[in-house]
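**Q** One-letter residues, chain by chain:
4 protein chains.
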Amino acid sequence: MTDDADLRVAVLGVGMMGAYHAATVTSRVKGARVTVVNDFVATTADRVAARTPGARVVPDPFEAIRADDVDAVIIASPGKVHHEQVLACLDRQIPVLCEKPLTTQATTSYEVVQAEAEVGRSLVQVGFMRRFDPEYVQLRALIASGDLGNPLLMHCIHRNPTVPAHFDSQMMIEDSVVHEVDAIRFLLGEEVAAVTVIKPTATALAPEGFHDPMLVVLETVSGRVVTDEIFVRTGVGYEVRTEVVGENGSATIGLDQSVLTKTVGGRWGGRITAKFLERFDTAYHVELQRWVDAARAGTIDGPGAWDGYAASAVCAAGVRAVESGRREPVQLEPRPAGVPTPALGVSSP
Amino acid sequence: MTDDADLRVAVLGVGMMGAYHAATVTSRVKGARVTVVNDFVATTADRVAARTPGARVVPDPFEAIRADDVDAVIIASPGKVHHEQVLACLDRQIPVLCEKPLTTQATTSYEVVQAEAEVGRSLVQVGFMRRFDPEYVQLRALIASGDLGNPLLMHCIHRNPTVPAHFDSQMMIEDSVVHEVDAIRFLLGEEVAAVTVIKPTATALAPEGFHDPMLVVLETVSGRVVTDEIFVRTGVGYEVRTEVVGENGSATIGLDQSVLTKTVGGRWGGRITAKFLERFDTAYHVELQRWVDAARAGTIDGPGAWDGYAASAVCAAGVRAVESGRREPVQLEPRPAGVPTPALGVSSP
Amino acid sequence: MTDDADLRVAVLGVGMMGAYHAATVTSRVKGARVTVVNDFVATTADRVAARTPGARVVPDPFEAIRADDVDAVIIASPGKVHHEQVLACLDRQIPVLCEKPLTTQATTSYEVVQAEAEVGRSLVQVGFMRRFDPEYVQLRALIASGDLGNPLLMHCIHRNPTVPAHFDSQMMIEDSVVHEVDAIRFLLGEEVAAVTVIKPTATALAPEGFHDPMLVVLETVSGRVVTDEIFVRTGVGYEVRTEVVGENGSATIGLDQSVLTKTVGGRWGGRITAKFLERFDTAYHVELQRWVDAARAGTIDGPGAWDGYAASAVCAAGVRAVESGRREPVQLEPRPAGVPTPALGVSSP
Amino acid sequence: MTDDADLRVAVLGVGMMGAYHAATVTSRVKGARVTVVNDFVATTADRVAARTPGARVVPDPFEAIRADDVDAVIIASPGKVHHEQVLACLDRQIPVLCEKPLTTQATTSYEVVQAEAEVGRSLVQVGFMRRFDPEYVQLRALIASGDLGNPLLMHCIHRNPTVPAHFDSQMMIEDSVVHEVDAIRFLLGEEVAAVTVIKPTATALAPEGFHDPMLVVLETVSGRVVTDEIFVRTGVGYEVRTEVVGENGSATIGLDQSVLTKTVGGRWGGRITAKFLERFDTAYHVELQRWVDAARAGTIDGPGAWDGYAASAVCAAGVRAVESGRREPVQLEPRPAGVPTPALGVSSP
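Same order as they appear, the protein sequences are chains A, B, C and D. The first sequence stops at residue 349 when you use the working numbering, and every number in between is there. The second sequence stops at residue 349 when you use the working numbering, and every number in between is there. The third sequence stops at residue 349 when you use the working numbering, and every number in between is there. The fourth sequence stops at residue 349 when you use the working numbering, and every number in between is there.
Extracted from the complex, chain A is given alone in its bound form (with noise of 0.2 Å):
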């Protein structure tokens, strides 16, 4: 591509997320363009091609890694396929951004590690979306600031209103908790060495058998701990919200309160954002606008496949200690040379 030509945008998987990424690279990122769109239901695939200006659609997956008019790759498709789709946009080494996870499994996520250790550039990018939001990234300066103190635990709320039926245990971790383990991995720039599940409860509104909600605690290499509360079927919206509590502070961020309303019969209060899409509307703005900019000089900007296989270690873990009821370690594999340590928020102690 030239420097003033738009990046040519291949979009894998066009359900509501790929079909959100796609509207969101047409009307409002600049600098790109879809031309390709796949989907492994054909008529999916046409519909959204059809609001697509530019776009055609291509059935196969890896014909569209390798078309001629695509520099970079949007994948939003089943989890299961990503690690050969990644593998194959590695083949031709150019930018691509993987919606979570990278893979289904750690090994196969290790994988995509080395591979793109191999190619010897960045290439593979994790939409974790957060890392984007601007509280995230507040927070995250506030803890690199300092003023905080050295940050000793953190506390995590991820609510949703509702879920599919067969929303069960292993999808609350690698579906949700997963966006949490990587927060702490953003905010306090280590990795994470041990989680432990417990099973209060369940609502009655869950399946039988099923445990929602759940409480999760990981503790950091370096031996820091953080509460994660995943309950999935409340009914009542889609709350994110985590403290970070410091020796000499603490913050809160995800409050989601702008709004405020007196009603009728003496209530104050606002709404609460029903659905992600919503809450992280600017964070994935703001997050395919940066890897855009990235991809057009050959690279990304944001969480990478090491950041991806850490999360999916941990969620392996996780996924352990709901069946075991034990605190769970986390083992990683080495990192490759040239694959950075995640950035320190803080001098650990």
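What the hints contain is simulated information worked out from the structure, not anything from laboratory work. Keep in mind the model is a prediction, meaning the values are calculated, not measured. Please note that a few of the clues may not be correct.
[To be verified] Sample of chain B residues lacking proximity to chain C, with all beta carbon distances greater than 10 Å (derived): (1) Ala23; (2) Gly79; (3) Thr108; (4) Pro336.
[Said to hold, decoys possible] Per the computed footprint, the stretches of chain B lying under chain C, defined by three or more beta-carbons under 8 Å from a beta-carbon of chain C, are: (5) 145-154; (6) 205-217; (7) 221-229; (8) 236-247.
Built from N, CA and C at the ideal position, the CB exists for glycine as well.
For chain A, the structure is supplied; the task is to place chains B, C and D on it using the hints.
**A** Just chains B, C and D, lined up with the frame of chain A:
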């Protein structure tokens, strides 16, 4: 009375407020008991006396004031009889706590000021209970500390959920705005010099021809400006909020947000205090305890006759301003020797 | 221009605001690029052009407006040259986004309204960016939903931490209050009928003879009342807050409380947005994207020439009211055929 | 005592808490007076007696309990002497208000339960004052109303600005966490079944080898889970916060935000209550008034001996859990006939 003995209190007028005071003295105020209950409705007096151990009914208020077993008087009778009841207490030289208004006319209020000045001792306290509310006390201390700099503006909100149908503009000024008038004098430590009343489109819930809400603009002697929204048929709750804006910062009280809930349907927030007795219960309790403590020593501990007179004079100007649509100046009679000037919250410019 | 091509934009005046717009269009707005930069200070134009890939300097603004590689114009030059620059754009019948004020006089603003009416197409958008702020949008939707009932009162706060020394009452009206004037029209959907300005004791931080803060009281045609505190030397932060009080409830925006900290020394709270570009960055971004999208179709998408004229007329009354100390009526010229009436937020009484 | 007479109270131990109780009874509690003051430090007893009109010093606590002019006893002496002092009160069959802990051992606490059961009347109240705090009362009522649905999780925060240097993990459990233990039992209406303690990296402000903060995870008999952060050297303020998460909503108390300031330098926020006596002054006052009212009728009105015993048993498990690093079950002795089960806040699953 001896040092050990309880202060024996007569309560004149035992409608809602008087009955509340009688119950508070009986159950929660140290060093006092109600010995006499009076009301112009005999059955009301009987009912309250029946639930006030040790209290008897005295049908004539002046007989009650003069009774041997009465050391001090609480006046919660209709405003139009306050004048002669307060004078009768002054005549006997016993402490009195008079619900606002001190009297219904600025002229008669000034007569009380003069009568008390002749006695030469502070005996008349007016029931501006907000001076005992913890938040008002903190706000006054904050202003006095100088941390906000010179206070230049105040914004007040006074909203009731509902009022009786006949509650008109004059009552809005004399029963509701009067509290803000005293709050201004308490917080800013100076007199009000002029009042303007602006009448927006009225709520459809107000009777034809009534002005509800109104916007009252008050100016102090030194030139500070206060806005006061008075809106008494909101259907929402009892909201009293005050923001003071100084040269170096601002402060707001009355946010009234304690228990925070998240509820099905996606709302955050809480309950607005429904009634003024709930909102200001602590203030009334502290007011009574401190008045009793002072009365046992033969004096008062709170806003005095001059404060009642000044509020009456400002409200009279306010009532004129509703009619005239113009800025109405407040004229105050000379302050008798020995009557303290308002305590200044902060040095004025 | 063809469907595919970017909108080619000339930016007239590239001081702080114009440079911000040029940078935003260049880096974050889809479908547009800056081709021409103009400023009456040559070095300023050169500096901005140098960091705007693809842009050249055109020293004469009218030559810029007429340039072949210009499809639309952003005017961020000093207010006094807006009149002739906007007319030149209308002459060429290309879309323009003009920073407020539309012009410096109500009469010249009305000339723009008439000139546009003659063209017969909406081409002039005025930079009242608050209409694109998510909270203002939500508040307007809430009012329009009828949930608050008929809105009777509004309370606005507009505080700046600091301004240049020469920022006087007229500038406070024309540069700051003007935003509230448009917000009133946007939220309540009707014109302002009268303005009164009350001048409290001034802050010691204001130059001798300056009136800061001021209290502006605005009345709408239907009789609603708005208070606006304008205080531009608070030393605190950039605070813009609006409360709308309706028959059935109230709503407040601008609370500006996101990250909540607890800090050593015993304080809870957070940081107030320091600058208006930070507070309204999203609003400006959305404003530009939507204007570009509309301009590519040959029109605008936001407040138009009439809105600019109406704001000018209200501000002119406001400036008179500062002088006179009286209530000053607002007189509007007839609305040309085809100019839409303000969209009503809710049915008026 | 006769109906009219004040309850004559002996206060055993008049360090900070006992002196506070003596002053509160003397100045603010209706129907009681302090007649006897006792402390193992003679000068302390003398100093408090000197400012307590009508009180004399009795050097021997058991003599104080048996004194003719003592109708009821407040025990605020060191925990290690509570056991025999409470038993002496039971021996005389007079009401007692005992500061926590009831006794220092679960076994001795159970002896008190049994001794009271033999008397056959509720005489022993334990000073869990939070049960009288307006917010806890509201939260319990909200849970009991069923509006939150079945409460599944609780998150508690207990932070002190500073503690004496020797304040170790055991004291953190027994002096601080004990309040949350009672709050759990009060709010959820069931017993605690197990305790786990997780020890994060300690604050640099803690002495070498101390565990501060700690994360305590408590499980109830029915399977609800409670997280409790206990952090006693934050340097910030006294923060006690509780969130209950139910099937249909959540509720948080302890936000502790009243006066809201905006200050030079661009901060919004307010002051965190610095000391527990300030935070819970109302709770202590109400606790004492209600205990006095009940004691005059020969009984108590608040948490009883069983509540003290249950808290002791949970804390003992907590202290074991600090050591073991494991989940420690709580074993409770049988509840004697006539001892009420915990009032259920809401029907358990």
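**Q** Which hints, by number, does the structure contradict?
**A** none
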